[in-house]
Amino acid sequence: MLAKYRVLIPFLFLFLFVSVSTVFAADGSEIDSGVTAWMLVSTALVLLMVPGLAMFYGGLVRTKNVLGTMMHSYAAMGIMTILWVAVGYAMCFGPNVFGGWFGWNSDYFFLSGIDDSILDAGVPEYVFSMFQGKFAIITPALIAGAFAERVKFKSYCLFIALWGLLVYNPLCHWVWAEDGFLFNLGANGAIDFAGGTVVHISAGVSGLIAALYLGARRGFPVTNMPPNNLVMTMIGGGLLWVGWFGFNAGSSVASGLSTAQALTATQVAAASGAISWMIIEAWHQGKATALGIVSGILAGLVAVTPAAGVVQPIGAFALGIFASVFCYLAILVKNRMGYDDSLDAFGIHGIGGIVGAILLTFFIRESWMAEAAALAGGSWSIWQQLGVQVAAVTIAILYAAVCTVILLVVVNKLMGFRSTPQEEMQGLDSAYHSEHGYGMLNPN
Amino acid sequence: MKLVIAIIRETQLDEVREALIEAEIRRITVTRVSGHGKSADEEIYRGKKVVPGLIPRVRLEIALNDEYVDVTVNTIINTVKAQYGPGGTGKSGDGKIFILPLEECIRISTEERGPEGI
Chain A
128 MLAKYRVLIP
138 FLFLFLFVSV
148 STVFAADGSE
158 IDSGVTAWML
168 VSTALVLLMV
178 PGLAMFYGGL
188 VRTKNVLGTM
198 MHSYAAMGIM
208 TILWVAVGYA
218 MCFGPNVFGG
228 WFGWNSDYFF
238 LSGIDDSILD
248 AGVPEYVFSM
258 FQGKFAIITP
268 ALIAGAFAER
278 VKFKSYCLFI
288 ALWGLLVYNP
298 LCHWVWAEDG
308 FLFNLGANGA
318 IDFAGGTVVH
328 ISAGVSGLIA
338 ALYLGARRGF
348 PVTNMPPNNL
358 VMTMIGGGLL
368 WVGWFGFNAG
378 SSVASGLSTA
388 QALTATQVAA
398 ASGAISWMII
408 EAWHQGKATA
418 LGIVSGILAG
428 LVAVTPAAGV
438 VQPIGAFALG
448 IFASVFCYLA
458 ILVKNRMGYD
468 DSLDAFGIHG
478 IGGIVGAILL
488 TFFIRESWMA
498 EAAALAGGSW
508 SIWQQLGVQV
518 AAVTIAILYA
528 AVCTVILLVV
538 VNKLMGFRST
548 PQEEMQGLDS
558 AYHSEHGYGM
568 LNPN
Chain B
289 MKLVIAIIRE
299 TQLDEVREAL
309 IEAEIRRITV
319 TRVSGHGKSA
329 DEEIYRGKKV
339 VPGLIPRVRL
349 EIALNDEYVD
359 VTVNTIINTV
369 KAQYGPGGTG
379 KSGDGKIFIL
389 PLEECIRIST
399 EERGPEGI
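Protein chains in written order, with the numbering used here: chain A, 128 to 571; chain B, 289 to 406.
Careful: at least some of the hints might be erroneous.
[Said to hold, decoys possible] Ranges between beta-carbon positions, derived for each pair: (1) L342(B) - S233(A): 53 to 63 angstroms; (2) A311(B) - P348(A): 40 to 50 angstroms; (3) G365(A) - G402(B): 48 to 58 angstroms.
[Claimed, not checked] In the DSS-like style, the derived pairs of lysine-lysine whose C-alpha atoms are separated by at most 25 angstroms in a straight line are: (4) K369(B) - K384(B); (5) K461(A) - K414(A); (6) K461(A) - K281(A); (7) K336(B) - K384(B); (8) K281(A) - K336(B); (9) K384(B) - K281(A).
[To be verified] Taking beta-carbon pairs under 7 angstroms as the criterion, some of the chain A residues facing chain B (in silico): (10) T488; (11) M552; (12) Q553; (13) S557.
If you are wondering where the hints come from, they were derived from the structure by calculation, not from laboratory data. Yeah, the Cβ is synthetic: ideal placement off N, Cα and C, and Gly gets one too.
With the hints as extra help, turn the sequences into a complete structure.
Below is the structure:
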């Protein structure tokens with residue numbers, strides 16, 4: 128099917144060479160070495176979350192699928208980075224095109240125009256671009272948890288590439304680009320500090336749609352599908368927490384007060400999510416589990432992601448509790464309804480993101496509200512901001528859901544998305560990679 | 289009473305287990321084992337084809353009363369060879385089945401012995 132598009136490849140290269148020849152002059156900003164140093168660290172920390180996610184997800188599947196599942200995260204590191212450098216940054220942070228559907232700036236094609244550009248924040252634009260690129264990697268990798276253990280590897284690769292272009296880049300443009308329509312909604316914009324709507328809601332909702340579309344794993348829910356290595360899941364959860372400081376505190380694109388506020392909120396929400404989940408589980412099941420505490424940590428971190436810039440520690444504490452309660456309920460409902468969101472991409476990221484993005488409204492610090500009131504020309508109430516948040520969340524949910532359905536149908540038509548029953552029984556590792564994860568358990 | 293020991297590929301374990309359950313054979317023990325027979329399975333590590341010295345397999349142990357031996361053995365053989373299509377010949381590496389006489393069987397909880405214990 129794809130063969131007929133091959134004739135287009137030479138034109139793509141031609142386009143590339145034309146664009147590379149454009150040289151862009153540096154603007155006048157000075158490099159702030161403090162901010163730049165922190166943003167470099169943040170960029171590395173967010174990348175660390177991807178192997179963290181690979182370990183988190185990898186430990187939760189059955190032994191025969193451990194490598195195939197980890198490959199979903201690692202493949203995203205390769206595919207999404209190249210797409211980001213080629214067109215992603217231009218689509219997210221270029222000026223509006225097509226009525227603001229996404230952005231475009233041909234100087235950003237392969238980042239050719241930012242070679243000596245320095246942002247007003249005192250950071251080389253390369254650093255900002257690479258930092259933002261890490262978000263484009265982890266978001267599609269999160270979706271993979273919803274359809275773990277049952278998709279063809281090459282179809283997954285095509286899916287995340289298309290999803291990045293069609294879903295992530297427009298959403299990112301709407302929420303974070305200066306001319307994005309959600310960035311300018313209401314008095315002071317829809318609040319999404321580090322990616323509650325862009326990353327977690329979009330990935331969670333898309334995961335839910337994909338899980339429903341592709342159907343449950345063979346034998347689900349009768350067959351027991353135990354995690355192969357919870358120790359690895361715990362390590363992965365820990366790496367995610369550490370990496371999240373880059374994700375949230377780095378999203379201030381500063382190295383100062385706002386960074387410290389985000390960092391503190393992140394730590395508090397993760398901790399309150401963890402203890403809330405433990406208490407809920409101990410009360411409901413009688414025991415606090417290891418998987419439970421990492422789930423609580425993640426729920427808290429997801430919920431504080433949109434809020435880290437605007438809530439004080441008490442607000443972060445409350446958001447962690449709400450996140451664990453709602454995510455726990457969501458998983459109970461999932462079990463009742465019987466659909467197979469295998470690793471709870473929607474249950475944790477979708478629900479946690481929605482809870483955080485909406486409930487943060489009630490914990491916004493006064494200085495932010497005062498600023499919004501000034502921008503609105505007098506007054507701005509939390510109920511007005513709540514309307515803005517609900518609108519942003521609804522738009523993210525609908526846009527991600529509709530586009531994901533289209534992409535699933537397209538990928539399924541082109542190459543088939545779901546593994547064959549044979550491949551699924553055999554395991555992804557053997558079927559698609561011809562390897563096995565735990566060779567060392569057997570003498571060989 | 290007989291003890292059936294079957295050595296099969298790891299990748300066919302689920303199929304065989306499901307087929308056995310379908311045939312009402314539900315009490316089995318599974319272990320990971322390594323060994324070598326005539327088969328040489330190739331794997332790929334960093335683009336290089338390698339043949340491991342000892343090949344991982346799984347071993348099923350099934351204790352049975354005599355009348356169930358045939359159905360069990362046939363189920364395992366048919367399921368393993370299903371991948372070659374109807375009437376297809378198998379390949380080396382498909383595995384082996386050993387059938388041993390079983391002297392005694394005791395269910396610990398009730399201390400039932402012999403055929404009742406199975």
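Tested hints:
no.: 1; hint: L342(B) - S233(A): 53 to 63 angstroms; result: 57 angstroms, holds
no.: 2; hint: A311(B) - P348(A): 40 to 50 angstroms; result: 23 angstroms, violated
no.: 3; hint: G365(A) - G402(B): 48 to 58 angstroms; result: 53 angstroms, holds
no.: 4; hint: K369(B) - K384(B); result: 12 angstroms, holds
no.: 5; hint: K461(A) - K414(A); result: 21 angstroms, holds
no.: 6; hint: K461(A) - K281(A); result: 28 angstroms, violated
no.: 7; hint: K336(B) - K384(B); result: 29 angstroms, violated
no.: 8; hint: K281(A) - K336(B); result: 21 angstroms, holds
no.: 9; hint: K384(B) - K281(A); result: 35 angstroms, violated
no.: 10; hint: T488; result: 48 angstroms, violated
no.: 11; hint: M552; result: 4 angstroms, holds
no.: 12; hint: Q553; result: 4 angstroms, holds
no.: 13; hint: S557; result: 5 angstroms, holds
Of the numbered hints stated above, those contradicted by the structure are hints 2, 6, 7, 9 and 10, listed in ascending order.
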